[in-house]
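Residues per chain, in single letters:
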Amino acid sequence: MKYLSTQGLKREANKVRQDVIKMITSVGSGHPGGSLGIVDVMVALYFRIMNHNPDKPNWKDRDRLILSSGHTCPAQYAALAHAGYFVSTKLSKLRKLGSPLQGHPEKGKLPGIETTSGPLGCGLAQAVGIALAARMDDARFRIFCITSDGEHDSGNHWEAVMAANKYKLSNLTLFVDRNRIQIDGPTEEVMPLDPLVEKYKAFGWHVLEIDGHNFEEIIKASDEARACYQGPTAIIAKIVPGKGVSFMEGDFRWHGKAPSPEEAKQALKELVDEEKSYGRK
Amino acid sequence: MKRKVMEENKSTREGFGEGLIEVGEKNPDVVVLTADLRDSTKVSKFAKKFPNRFFDAGVAEQSLVTIASGMANYGKIPVVTSFAVFVPGRCLEQIRTTIAINNFPVIIVGSHTGFSAGLDGATHQALEDIATMRTIPNMTVVTPCDFYEAKKAIVEAVSLGGPVYLRLERDATPIITKEDSKFKIGKIDTLKDVKDPQVALIATGPILSEVLTAASRLEKNGISSLVLNCHTIKPLDTQAIIHAAKIAGAVVTIEVHQKAGGLGSAVTELLSQNFPIPVGIVGVRDLFGESGKPDELLKKHGLTAEGIIKKVKEVITRKNN
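In the order they appear, the protein sequences are chains P and X. Residue numbers for the first sequence follow the numbering used here, beginning at 219 and rising by one. Residue numbers for the second sequence follow the numbering used here, beginning at 2 and rising by one.
The hints are simulated quantities; they were obtained by calculation from the structure and are not laboratory data. In this text the structure is predicted, and so the values were computed from the model without any measurement. Treat the hints with caution; some may be incorrect.
[Unchecked claim] Chain P side only, calculated, beta carbon under 8 Å to chain X, not exhaustive:
1. P329
2. T333
3. T334
Beta carbons are placed, not taken as given, at the ideal position from N, Cα and C, and that holds for glycine.
If we strip away everything but chain P, and leave its shape as in the complex, we get (with noise of 0.2 Å):
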């Protein structure tokens, strides 16, 4: 795998990030809220982060990302096509039948997806019955798994997070995508989350809180988790919904409506301006 510098990484999720919203424009349904804020987490993994192979996706000792908010896929897709497990025309065919991209993702269809997620709640107990059985087979793999804020409500995930604890699975790294806002409206109104450092750290985790859309943090965390040898990591990321685009960003309105084709004329120009800031390579 190739690995990008963190300058790198801000060029690779700003094309993501314009990937996200020409494919849930071109079928006109998706999530582009949740989408947006997790790129920078996910391409850190892709590009930096994740011992991976995109020419050997099944490769047994590869590290496995477990996504739980599989509503996100469409940043997983083009950070999966950006780093080579598939073609980027596939990319156009998000939602549309017959496509190996399923609105939400399908283990078997595409390679680079572990599991098949969205149904909220069960992606972390997924990740720990993965890490258990590595250690039984010492294997030397990591396994990192991205939750959103929203299915902390579901107790399928606590119970996960209880079990973590209990076979202190240190191969095992959560990312929260601590964004704040779920569905139906703010995540502190439709089932108070906070103090969730606190709770993690309760529940006998290790815990760490970063900016989400910083590279430098969430690389530094990630070492740091995999240096933990006690339990498991759960890495809060403070996370912007929509981020990158000016009239998505924290506005639970966006968790899942697609934009019009003017609003993502004008969602991509803004992203097309940022590329143009970091300058030539």
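With the hints as your guide, set chain X onto chain P.
Below, chain X without anything else, positioned relative to chain P:
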């Protein structure tokens, strides 16, 4: 003097527990997970013998099956156990999403089904589990009829390469098959064959001992019947069922489960579209159970030889009209 000794009654959950030790020895990839029910679901022997391959998820059925999904994702063959009201009852969506859509080889073991959790009352009596599980694509659904069959069922289930639901009972029930009887998931086992049957009795699970009693009483009254052990509800042995329907001209299905969605539904779905003949369904009629001894509850719901005979007579009348 040689004397045939009747075998002592044993439960299907015990048969499963014994078979599990056998597969554990043969296949190091088999792992077992339970939700705080290791003794009740007969996995404590496995836990003692293979402590590194045993996991207790606590009273957390959703994480039980999703952790199992993760283990299967990596390459293990997890066997998850609980009472059927809880697994699949409490975690159906997780089974559907993370096990069935992925087509992972997870063996889902639901114990204490039917009225076998009698004294515990309606909350603990699983009467809907066949219906929910058999509508899920990729899922195989098996109800062993006795101790030996349960033992064989777990041995074969782990080799299928996909998700399997194994439906067990709590109480000791008569041994109907033999230790060396042939068993194959998806293949009906004929327990009683006759030349010119007037009815085919198709049943699943330990209730088959009552079905055999009904068949011999019917015979004394001049009504000959086939008895088919339909241990696998999905995939259904369509060939054997259509053949039985053709030679008998009438069918009665028997199961300790709601009439809606169970074996009776599966058989009528098949026959109504392929060889429509009179069919009677013996099962629970859209009711919950209550506290009571299993025998008392079976009797109350007509799941006895008498109830079966009554249904047979009714179906034969329809056939002859």
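Status of the hints after comparison with the structure:
1. P329: At 15 Å from the nearest chain X Cβ, P329 of chain P fails the 8 Å test, so the hint is violated.
2. T333: Holds, about 6 Å.
3. T334: With a closest approach of 5 Å, the T334 of chain P hint holds.
Violated hints amount to a single one, hint 1; each of the other numbered hints is respected by the structure.
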